[in-house]
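> So you can see what is in the structure, the chains are spelled out below.
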Amino acid sequence: MLRAGGRAALRVGSRGWEPGPGGRRHCSSGPDGLKQTPLHAFHRQQGGRMVNFAGWSMPVQYTLGHLESHLHTRRLCSLFDVSHMLQTKVFGRDRVTFMESLVVGDIAELKPDQGTLSLFTNEEGGILDDLIVTSTSEQHLYVVSNAGCRDKDWALMQGQAQELRAAGGDVHLEVSENALLALQGPSAARVLQAGVLDDLSKLPFMSSAVMGVFGVPGCRVTRCGYTGEDGVEISVPADRAVELAELLLRDPQVQLAGLAARDSLRLEAGLCLYGNDIDETTTPVEAALTWTLGKRRRVAMDFPGATVIVPQIKGKVKRKRVGLTSTGPPIRPHMPILSPEGRPIGEVTSGCPSPCLKKNVAMGYVEGEHSRVGTVLAVEVRKKSYPAMVTKMPFVPTRYHTLK
Amino acid sequence: MALRALRRVGAGLAPLCPGRCGPLSSAWPGWAQAASARSLGTSPLLWSARKFTDKHEWVSVENGIGTVGISNFAQEALGDVVYCSLPEIGTKLNKQDEFGALESVKAASELYSPLTGEVTEINTALADNPGLVNKSCYEDGWLIKMTVDNPSELNELMSEDAYEKFIKSIED
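Top line first, the protein sequences correspond to chains A and B.
Throughout the first sequence, residue numbering follows our numbering, covering 39 to 442 in sequence.
Throughout the second sequence, residue numbering follows our numbering, covering 16 to 187 in sequence.
Worth flagging that the hints you see were computed from the coordinates, not collected in a lab.
Quick caveat, the model's predicted, so the values are computed rather than measured.
Some clues are possibly wrong.
As the list claims (entries may be wrong) - Below, computed lysine-lysine pairings styled on DSBU-like, alpha-carbon distance capped at 35 Å:
1) B/Lys70 with A/Lys190
2) A/Lys442 with A/Lys333
3) B/Lys110 with A/Lys397
4) A/Lys422 with B/Lys150
5) A/Lys422 with B/Lys160
6) B/Lys160 with A/Lys396
7) B/Lys70 with A/Lys397
8) A/Lys430 with A/Lys356
9) A/Lys396 with B/Lys110
10) A/Lys149 with B/Lys70
11) B/Lys150 with A/Lys421
12) A/Lys397 with B/Lys180
13) A/Lys354 with B/Lys160
14) A/Lys396 with B/Lys70
15) B/Lys110 with A/Lys422
Unchecked claim - Across the chosen pairs, the derived CB separations fall in these ranges:
16) A/Asp340 with B/Glu186: 54 to 64 Å
17) B/Glu171 with A/Lys190: 43 to 53 Å
18) A/Ala276 with B/Lys107: 53 to 63 Å
Claimed, not checked - Some, not all, of what chain A presents toward chain B, calculated at C-beta under 8 Å:
19) Gly103
20) His104
21) Leu105
22) Ala298
23) Ser302
24) Arg304
25) Pro367
26) Pro368
27) Pro374
28) Cys390
29) Pro393
30) Arg420
No residue lacks a Cβ here, since even glycine has one placed at the ideal position from N, Cα and C.
Sequences and hints are given; from them, build the entire structure.
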């Protein structure tokens, strides 16, 4: 049970080791029962306002404030602690077969050190989680999945690995104890380049490499993120995480950012938040994530829920995830979406005032026939109806680093 | 206002002192009691020092009109205000009625009327400059003005001192 505020929480709590996935010690728990990343004390020292996110004590913002932090990320760059996410390594000769038995993507076709966004699905075609799978050139797959689904995903992967081994397959899993730092924004690459020997201009979006970063050896650097900007996620040994964060912050263009900015940035970029925009009741086609379904996999129909999902690609879906923009009062989750005639046709799943666009942006599901870009619908905000237009996402153009 | 943002764990507590909003001292301390005493009669209440609700709104009365805003504690917890939903002039409010909301990027916080009365004016400067609520919560960032239909309701609100004790007790 979360104890609000309180001086007790100011003690740096390292008692109470929690067995993480696989029965191994992963992270410490504070006196409030929340899990702590390796940067917990560092966040508090830096003025982080800590909140409970998925059972973790995480910084929602620092002294810069939400709005400034968001804008700073798009102007220069921000550093986020995302160590709460689950990092899993999949080893073994059958690791690709294993992974494909759980996700919708063409994993076998990934080039060495290439990654992709993919989805765990269930037999009903619903999404169990979204994740990034990277096929490393070090004989393992590197998988990053959501903190809120940690236990669920671990049980899913372990269960499937055990089944595969029982059938004679060769696969085993390892949870990475590393911290994970995200450096995001137009100057992220320049900041990072000063601390690495690799030529980052040759590391395109969704590719990964292991390198020393500002003297910390063996960091996995992946060109990806959750903001729509260029940037990286750096997997760093836990005992060097604070050191690396401090070294990155030596560049005056880098500011710490928390979960508040993370959420408004990803929404402007049109990226889904599991639990809000996608969940076990939404199929990839309904969620406008058809592109994650591998070309080969659609034909083979060899992923969970394929018999539900594949027919939806050419056929009709009852509802579709769309982007909405409006002016007036901000649109928030659970607000009803109405047809032009005022009939409820869906619900908002994410929404906020966009710091960059100075209008409201939102995502929600609407009946298929009302999902065309440009359709003017309405959203009910505190019992009054305001027009909202179906808008193409991303709302703010993305600036991923691609090799042309 | 509904301050969900108040639930916090650990350090990073907002400072208790008014900070950017300026000191909370009453301009005419001796007159406060005199002014309130007059309200016990049938004449309308003309003036009252700033009083606070447990939902972090404040109201002060001048020439019979109440000006309503949110406290420094509230604006700190809310973060940058990006949109103000305010009622129309003429709206009749009962004490504790929801009369609008202040929106930060993250969430909306509802506003509750400290008194019973009719809205006479809204702060139109907030349409283009909602950040005034953060920068000047007791002055330029006022929200609405309203009539004071039941002056005795002011006695049910907290004085500045009582409010400061109140917020200390929530933060513990």
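> Taking the CB of A/Asp340 and the CB of B/Glu186, does the distance hold inside 54 to 64 Å?
holds, 56 Å
> For the pair we were handed, A/Lys422 and B/Lys160, check the Cα-Cα distance against 35 Å.
Holds: A/Lys422 and B/Lys160 sit about 23 Å apart, inside 35 Å.
> Compare the distance between the alpha carbons of B/Lys160 and A/Lys396 with 35 Å, and conclude whether the hinted pair is satisfied.
Status holds; Cα separation ~28 Å.
> Regarding the hint that A/Gly103 lies at the interface with chain B, is the smallest CB-CB distance below 8 Å?
holds, 6 Å
> Is the Cα-Cα distance between A/Lys149 and B/Lys70 35 Å or less?
Violated - the C-alpha atoms of B/Lys70 and A/Lys149 are around 57 Å apart, more than 35 Å.
> Would the pair A/Lys354 and B/Lys160 pass a check requiring their Cα atoms to be no farther apart than 35 Å?
Distance ~53 Å between A/Lys354 and B/Lys160 Cα, so the pair is violated.
> Is the interface hint satisfied for A/His104? The criterion is a beta-carbon contact with chain B at less than 8 Å.
holds, 5 Å
> When the nearest CB of chain B is found for A/Pro393, is that gap smaller than 8 Å?
With a closest approach of 6 Å, the A/Pro393 hint holds.
> Straight-line Cα separation of A/Lys422 and B/Lys150 no greater than 35 Å?
Given pair A/Lys422, B/Lys150 holds - Cα atoms ~29 Å apart, limit 35 Å.
> Hint says 53 to 63 Å; check whether the CB-CB distance for A/Ala276 and B/Lys107 agrees.
holds, 60 Å
> Taking only the CA atoms, is the gap from A/Lys396 to B/Lys110 under or equal to 35 Å?
Holds: A/Lys396 and B/Lys110 sit about 34 Å apart, inside 35 Å.
> Just to be careful, I want the Cα atoms of B/Lys150 and A/Lys421 compared with a cutoff of 35 Å; is the pair within it?
Distance of about 30 Å is within 35 Å: holds.
Hint compliance for this structure: hints 1, 10, 12, 13, 24, 27 are not met, and every other hint is.
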